[in-house]
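Peer 1: Fit chain Z to the given chain V structure using the hints.
Here the protein sequences come in this chain order: V and Z. In terms of our numbering, the first sequence opens at residue 1 and continues consecutively. In terms of our numbering, the second sequence opens at residue 1 and continues consecutively.
Keep in mind that the hints were calculated from the coordinates and are not lab data. Incorrect hints may appear among the rest.
Here are a few chain V residues that face chain Z, going by a calculated C-beta distance under 7 Å [what the hints assert, rightly or not]: (1) E37; (2) M44; (3) G45; (4) L61; (5) A63; (6) L67; (7) G71; (8) Q74; (9) M96.
Note that the structure is a prediction, hence the values are computed from the model and not measured. Each residue gets a CB set at the ideal place from its N, CA and C atoms; glycine is no exception.
2 protein chains.
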Amino acid sequence: MRLIFLGTGGTYPSMKRGVTSIAVQLRSEVLLLDCGECTQRQLMGSSVSFMKISRILISHLHADHFLGLPGLIQSMSLNGREDKLVVLGPEGTADMVESIMNLGHFDCGYEVVSQELAPGDYIDAGTYGITAANADHTVPSLAYSIEERTRLGRFSLDKALALGIQPGPLYSRLQCGETVEHKGIMVHPEHVIGEPRRGRKVVYTGDTRKCSSVTDLARAADVLIHDATFDSSLEEQAVKYGHSTARQAAEVAVEAGVGRLFLVHISPRYDDSSRLTAEAVEVFAKSMVPDELSEYVIDLPD
Amino acid sequence: MRLIFLGTGGTYPSMKRGVTSIAVQLRSEVLLLDCGECTQRQLMGSSVSFMKISRILISHLHADHFLGLPGLIQSMSLNGREDKLVVLGPEGTADMVESIMNLGHFDCGYEVVSQELAPGDYIDAGTYGITAANADHTVPSLAYSIEERTRLGRFSLDKALALGIQPGPLYSRLQCGETVEHKGIMVHPEHVIGEPRRGRKVVYTGDTRKCSSVTDLARAADVLIHDATFDSSLEEQAVKYGHSTARQAAEVAVEAGVGRLFLVHISPRYDDSSRLTAEAVEVFAKSMVPDELSEYVIDLPD
Numbered sequence: 001m002r003l004i005f006l007g008t009g010g011t012y013p014s015m016k017r018g019v020t021s022i023a024v025q026l027r028s029e030v031l032l033l034d035c036g037e038c039t040q041r042q043l044m045g046s047s048v049s050f051m052k053i054s055r056i057l058i059s060h061l062h063a064d065h066f067l068g069l070p071g072l073i074q075s076m077s078l079n080g081r082e083d084k085l086v087v088l089g090p091e092g093t094a095d096m097v098e099s100i101m102n103l104g105h106f107d108c109g110y111e112v113v114s115q116e117l118a119p120g121d122y123i124d125a126g127t128y129g130i131t132a133a134n135a136d137h138t139v140p141s142l143a144y145s146i147e148e149r150t151r152l153g154r155f156s157l158d159k160a161l162a163l164g165i166q167p168g169p170l171y172s173r174l175q176c177g178e179t180v181e182h183k184g185i186m187v188h189p190e191h192v193i194g195e196p197r198r199g200r201k202v203v204y205t206g207d208t209r210k211c212s213s214v215t216d217l218a219r220a221a222d223v224l225i226h227d228a229t230f231d232s233s234l235e236e237q238a239v240k241y242g243h244s245t246a247r248q249a250a251e252v253a254v255e256a257g258v259g260r261l262f263l264v265h266i267s268p269r270y271d272d273s274s275r276l277t278a279e280a281v282e283v284f285a286k287s288m289v290p291d292e293l294s295e296y297v298i299d300l301p302d
Numbered sequence: 001m002r003l004i005f006l007g008t009g010g011t012y013p014s015m016k017r018g019v020t021s022i023a024v025q026l027r028s029e030v031l032l033l034d035c036g037e038c039t040q041r042q043l044m045g046s047s048v049s050f051m052k053i054s055r056i057l058i059s060h061l062h063a064d065h066f067l068g069l070p071g072l073i074q075s076m077s078l079n080g081r082e083d084k085l086v087v088l089g090p091e092g093t094a095d096m097v098e099s100i101m102n103l104g105h106f107d108c109g110y111e112v113v114s115q116e117l118a119p120g121d122y123i124d125a126g127t128y129g130i131t132a133a134n135a136d137h138t139v140p141s142l143a144y145s146i147e148e149r150t151r152l153g154r155f156s157l158d159k160a161l162a163l164g165i166q167p168g169p170l171y172s173r174l175q176c177g178e179t180v181e182h183k184g185i186m187v188h189p190e191h192v193i194g195e196p197r198r199g200r201k202v203v204y205t206g207d208t209r210k211c212s213s214v215t216d217l218a219r220a221a222d223v224l225i226h227d228a229t230f231d232s233s234l235e236e237q238a239v240k241y242g243h244s245t246a247r248q249a250a251e252v253a254v255e256a257g258v259g260r261l262f263l264v265h266i267s268p269r270y271d272d273s274s275r276l277t278a279e280a281v282e283v284f285a286k287s288m289v290p291d292e293l294s295e296y297v298i299d300l301p302d
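The shape of chain V in the complex, shown without the other chains (with noise of 0.2 Å):
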C-alpha cells in the first residue's frame, strides 16, 4: 500500500502546493482521495498509472477538492479507458457529476458512476473496505477510512515440522484453511497458521473541524491524514472556517492512536510549512507536512 500526494495545499493553488488529492495505491487498482484542479498533470509526474483508478472519493462539493474530475474523466476517455469509474461523495455528488459529464463537447468512452454516500455507510470492495464519517466542515462533509481485510495468520514452519510435516503440497493446502491428515493425524490449520493478522487501515478526513467522528473513525490506523490548514495562532479561523489547525490535528493523531500522521491543505500563506510541522510534532512525534509528489509506502503490519 502506497499514498501518493499530488497536491496538498488548500482553497487555491500556489506555486509549491497544488490543490488536495492523494493516490492510494492498492495491489492492483489506485483510489484517489478528492480530486483538486490539476490533478491530472500531477499524476502524469508521479508513479501512479492513472488508468488504473478505479475509485475516486471525494469529500466534499468545495471547488479545491472536485475541479479536477472533469479533466481526469476525459483525459482517461482519450487515453481509451474502458473500465467503469466510480465517483463516491456527499450528498450532490450525483448532480455534480451529472453536470461535468455535460460540460462542452465530450462523449465519454466508457462508465462513470455517481454513489452518494451517508455517514457510516460502508463499502465492500473485497480485499479491501471504504467507510464513511461525518467530518465538521462548513457544507456536508465526508471522512473515509481505507482498510484491507483480515489476512491470513502466519504459517509456523516450526509447528509444523514439529508435527512431522516437510514442506509440500500439505502446506499449500493447510494455508488454504483445509484439514489434512498426515501419518494417521488429522492436522488442522489452526494447529500450524497463527491469529488472523489485520490489513492496513488509512484515514482521510478531508476539510473538518477537530471532532470525534474522526477520531473515532481514525482508532488504530497505520495513517492519518488530517485537515491542518492553519498553525495554531489562527485557530479562530480554523473553527470559523470548518478546519483544524495542525495542533489539534496532532491531538486526534494520539488521541486515536494512530501510527502516523500527514498534514495536509496547507492555507497557501505558508510558503514554509516548518511551523506547522513544529507544533504537530510537539504533540505527536510522527507528524510531517508531505511534498507535492512525494511518496509513502504502509508497511503490511506484522
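Peer 2: What follows is chain Z alone, placed relative to chain V:
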C-alpha cells in the same frame, strides 16, 4: 503589450506542457486566450496579476480550452474581486458558464457575464478591439484578433521649430488635435503631426485546420499564435481531428504577412518540440514554440 504563455500543450497536459492558455497584458488590463485546466496555478507563477483579467476569450468548448475557468473564477472571488468578468466564446458558452457557476457549493462575489460571438463579430473595447472569425475545427470554434486602436502620428519637432513654435503648451494642444494660432498664423495638427500609426495586433487561432478565414484575420498581425498540434508526418491526423501541422501554421504566417509566429497546442506526444520548430522555420523564419511561462513583448510599431 506582452504575451505570457501559461500553457502551450494540446488535448491533455504532460509534465512538460500544460493545456492552453495565453495571457495578453495590455496597458491596464489582461485578456486571457483560452483557459485550460491549471491556468490559475500557472498565473500564480507568472508576472501577471490574475485579478486584472477583464475578459476571457474561449475559442471552443473542448475541455483543454476552458476547464480552468471554474477554479480561476472562484479564486478571484476568494481574493475579493468585485469587478465584472466577461467570458466570450462561440455558441454554447453561456450554457457552459452557467454550469460551472453552479458546480458544488459556491457563491461568487462578483458578476460573471458570458457573451456568445459569431464569426465577424467585433467588440469595441475602447483602446482596442476584438474581432472573431471562423476557425475550422471539429466543433464550432473561433479565432480572435486583438487590435489596438490607431495611434496619433509622430510629432515632428523639426517641423514645429521650422514654423517657429518653441516647445511649450502649444505642442500639447496640437497633439490633442487642436488648431492653434502662432504669430498670426493658423497651425493645424497635420502640419506637425505625421500619419496616424497603427496599433499592435495579435491573432490567436484556437484549434483549427489551415483555413482562409484565419489567414484573412491574421493579415499583417504583429503576432500570430497558431495551432501546431502535429508535425507534417501526421498531416492526415491533423486534417481528421481539425488541427494544423507546424508547417501549415508557418504557411499561414507567410500568406498573412505576420511579424512573428508562435506554435501552440503541441501534442503531448512531443517531449521535444524541435522537430515542429524546424519544419516551421523552413517556411517562415520567425517561428518558434514558446516555453511554458515564457513572455514576449510586442513593441509599438513605428
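Peer 1: A closest beta-carbon separation below 7 Å is what the hint needs, so does M96 of chain V meet it against chain Z?
Peer 2: holds (6 Å)
Peer 1: With a cut-off of 7 Å, does the beta carbon of A63 of chain V approach a beta carbon of chain Z closely enough for the hint to hold?
Peer 2: With Cβ-Cβ at 5 Å, under 7 Å, it holds.
Peer 1: Hint M44 of chain V vs chain Z: min CB-CB distance below 7 Å?
Peer 2: holds (5 Å)
Peer 1: Under 7 Å, Cβ to Cβ, is where Q74 of chain V needs to be relative to chain Z, so tell me if that hint holds or is violated.
Peer 2: holds (5 Å)
Peer 1: Does the CB of G45 of chain V sit less than 7 Å away from some CB of chain Z?
Peer 2: holds (4 Å)
Peer 1: So, G71 of chain V near chain Z? Judge it on the closest CB pair being under 7 Å.
Peer 2: Holds: closest Cβ of chain Z sits about 4 Å from G71 of chain V, inside 7 Å.
Peer 1: Given a cut of 7 Å on the nearest C-beta pair, is the interface hint for L61 of chain V held or broken against chain Z?
Peer 2: holds (3 Å)
Peer 1: Do the numbers back the hint for E37 of chain V, that is, is its least Cβ distance to chain Z under 7 Å?
Peer 2: Holds, because the Cβ-Cβ distance from E37 of chain V to chain Z comes to roughly 4 Å (cut-off 7 Å).
Peer 1: Grab the minimum C-beta distance from L67 of chain V to chain Z and call the hint holds if it beats 7 Å, violated otherwise.
Peer 2: holds (5 Å)
When each numbered hint is compared with the structure, no violation occurs for any of them.
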